[in-house]
Amino acid sequence: MLDAAAAFWLGILTSISPCPLASNIAALSFCLRGGPGMRKAGVYGTAYSVGRAIAYSLLAALIVAAGMSVPTLSDFLQRYMNKAIGPLLILTGAVLLDLLPFNLGSWQPSQNLATKLLRGGAMGSASMGFLLALAFCPVSAALFFGALIPLTVKRGSLLTLPFIYGIATGLPVLAFALILGGGAAGLAKSYEKVRVFERWTRVATAVVLLILGFYFALKHIFHVI
Amino acid sequence: MKKSLGYALLAFVGISLAFAFFQEHRSEPQTTQEPQPRQAIQADSAPQAPAGDKSQGTTKQAQTAAAKPSKQAKLAAAKQPIPKGIVIARYCHGHARCSNCMKIEQYSREAIETGLRKYLDSGRLRFEVVDVEEPANRHYIQDYALYTKSLVLISETDGKELRHKVLNDVWNHLSDKGAFMAYVKSETEGFLK
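From first to last, the protein sequence lines are chains A and B. Per the numbering used here, the very first residue in the first sequence carries number 593; after that it's consecutive. Per the numbering used here, the very first residue in the second sequence carries number 343; after that it's consecutive.
Among the hints, a few may not be true.
When the alpha-carbon atoms are kept at most 30 Å apart in a straight line, the in silico DSSO-like pairs for lysine-lysine are as follows [claimed, not checked]:
| no. | chain 1 | residue 1 | chain 2 | residue 2 |
| --- | --- | --- | --- | --- |
| 1 | B | Lys445 | B | Lys460 |
| 2 | A | Lys785 | B | Lys344 |
| 3 | A | Lys811 | B | Lys345 |
| 4 | A | Lys811 | B | Lys519 |
| 5 | B | Lys507 | B | Lys460 |
| 6 | B | Lys460 | A | Lys746 |
| 7 | B | Lys507 | B | Lys445 |
| 8 | B | Lys507 | B | Lys535 |
| 9 | B | Lys445 | B | Lys519 |
| 10 | B | Lys535 | B | Lys460 |
| 11 | B | Lys460 | B | Lys527 |
| 12 | B | Lys460 | B | Lys519 |
| 13 | B | Lys460 | A | Lys785 |
| 14 | B | Lys502 | B | Lys527 |
| 15 | B | Lys535 | A | Lys811 |
| 16 | B | Lys344 | B | Lys445 |
| 17 | B | Lys507 | B | Lys527 |
| 18 | B | Lys445 | B | Lys345 |
| 19 | A | Lys811 | B | Lys460 |
| 20 | B | Lys535 | B | Lys502 |
If you are wondering where the hints come from, they were derived from the structure by calculation, not from laboratory data.
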C-alpha cells in the first residue's frame, strides 16, 4: 500500500514539474478535441492516462524483466523521442485542420484510420499518452529511472507500480479536461451551440498542437530555444 | 491557401526530420579522433591539465565561465605544478537545457566556488561542465550509468580515474538552495579526503 502511494506521489511530482508543461498542454488540448461534455473529456483523459501507464509498464518490463540497460534506454528516449514529438504534433494538428494537401489514393483506409484515431476516439488519446510518456525530460527521467524503477525492483512489482505511476502522471490532464469539458458543456446548452463549440475546440486543439509542435522542433531538433 | 499551408507544414516536418537525421549522422563518434586539450574551471587562471584524456569537448558555458586567461597568465599557470591526485566535479547535461538543469549547474558551481575555494586554488579540485550528447563525451553516459542530468565526482591520479560517485540527490534538494549547497559541499569534501 505504501509503495503504491509512493508510486502515485512520484507520478504526481512528474506531472506537476515544469519541464513536461508543454506536453501536458498538448495532451489537455488533445483530450478536449471532441468538444464540450464532461463525459467525453473524462473518457479521453482516462484513455490518455492509461496510455501513459502502459508506456511506463512496458519500459519497466524492458528494464526489470528483459534486463535492458537504464542509461542506454534513458539516453535513447531523451534524445530521440523529444525530437520525434515536434513533427508528430505538427502532423496531428494538420490532420485536425484538414490541411494535408494530398490524397493517399490506395492508402485511403489507413488515412481514414489515422484520421479516426486523431479526431476522435479513446484510442487516439491513449496513443498520444503512450507517445508523450516516452518523451522523457530530465525531471521525469530522474523520477522514473532514479526513483520508481529502484522501487519496482525492490518490491518485485513489475507492472503494478509503473501502472499506478503512469495513471498519476496523467491525472492533472484528466482533471483539467473534466473542468474545461464540463465548463464548456455548461455554456453550450443547445444543440446548435454544441456543434459550434465542437468545431472551435477542434480548431483550437489543432492550433495549440501546431504551436507546441514548432516549440518541440525548435527546442529539440534545431536547438534555437 | 489551405493547400499551401498544408504543404508548408509538411515541408517543415520534412526539414526537421532531415535536420535531425543529419545531426545524428554528423555526431557519430569518431574512433580515430585526435585527443583535444581539456578545458575546465579550476581557480581563476588555473593551470590546464594534461591533454589526451576523456574529458575533451567541455561546453561553451564552462569555457566562458572560466574567465579567459591572458597569455602571461597561461604561461604562469603552465609553470605551476599539477597536483597528482585531483577531484573533478563534472556536471553532465544534454543539448536541450531545462530550468532545473541550469539550476543544478548554477548551484553546483556556486557550492564549489564559494565553499571549496581553497581546493580550487590549490588545484586539487576542478569543476567541469560537459555536454554528454557531444560525440566525444557520450561515453560518460555508460561510464557513470547516467539516466538524467547529473553532477558526478571523480577522483583521478595521473589522469587515471580511481573512483566516481554520481550525486543523484541533487534532484531532491533543488527546492532548497541551502540544503543543495551543503550536500554538494559535504560530498565533495568527503571525496577530497
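Evaluated hints:
1. B/Lys445 with B/Lys460: Given pair B/Lys445, B/Lys460 holds - Cα atoms ~24 Å apart, limit 30 Å.
2. A/Lys785 with B/Lys344: Holds, at about 26 Å.
3. A/Lys811 with B/Lys345: With a Cα-Cα distance of about 27 Å, the restraint between A/Lys811 and B/Lys345 holds, given a limit of 30 Å.
4. A/Lys811 with B/Lys519: The hint holds at about 27 Å.
5. B/Lys507 with B/Lys460: Roughly 22 Å separates the two Cα atoms, so the pair holds.
6. B/Lys460 with A/Lys746: violated (41 Å)
7. B/Lys507 with B/Lys445: holds (20 Å)
8. B/Lys507 with B/Lys535: holds (14 Å)
9. B/Lys445 with B/Lys519: The given pair, whose Cα atoms are some 9 Å apart, holds under the 30 Å limit.
10. B/Lys535 with B/Lys460: holds (14 Å)
11. B/Lys460 with B/Lys527: At roughly 12 Å apart (the allowed maximum being 30 Å), B/Lys527 and B/Lys460 satisfy the hint.
12. B/Lys460 with B/Lys519: OK: B/Lys460 and B/Lys519 at ~22 Å, within 30 Å.
13. B/Lys460 with A/Lys785: Violated - the C-alpha atoms of A/Lys785 and B/Lys460 are around 71 Å apart, more than 30 Å.
14. B/Lys502 with B/Lys527: holds (23 Å)
15. B/Lys535 with A/Lys811: violated (41 Å)
16. B/Lys344 with B/Lys445: violated (43 Å)
17. B/Lys507 with B/Lys527: Distance of about 14 Å is within 30 Å: holds.
18. B/Lys445 with B/Lys345: Violated, because 44 Å separates the two Cα atoms, which is more than 30 Å.
19. A/Lys811 with B/Lys460: Status violated; Cα separation ~39 Å.
20. B/Lys535 with B/Lys502: Satisfied, since the Cα-Cα distance of roughly 18 Å is no more than 30 Å.
The earlier numbered hints that this structure contradicts are 6, 13, 15, 16, 18, 19.
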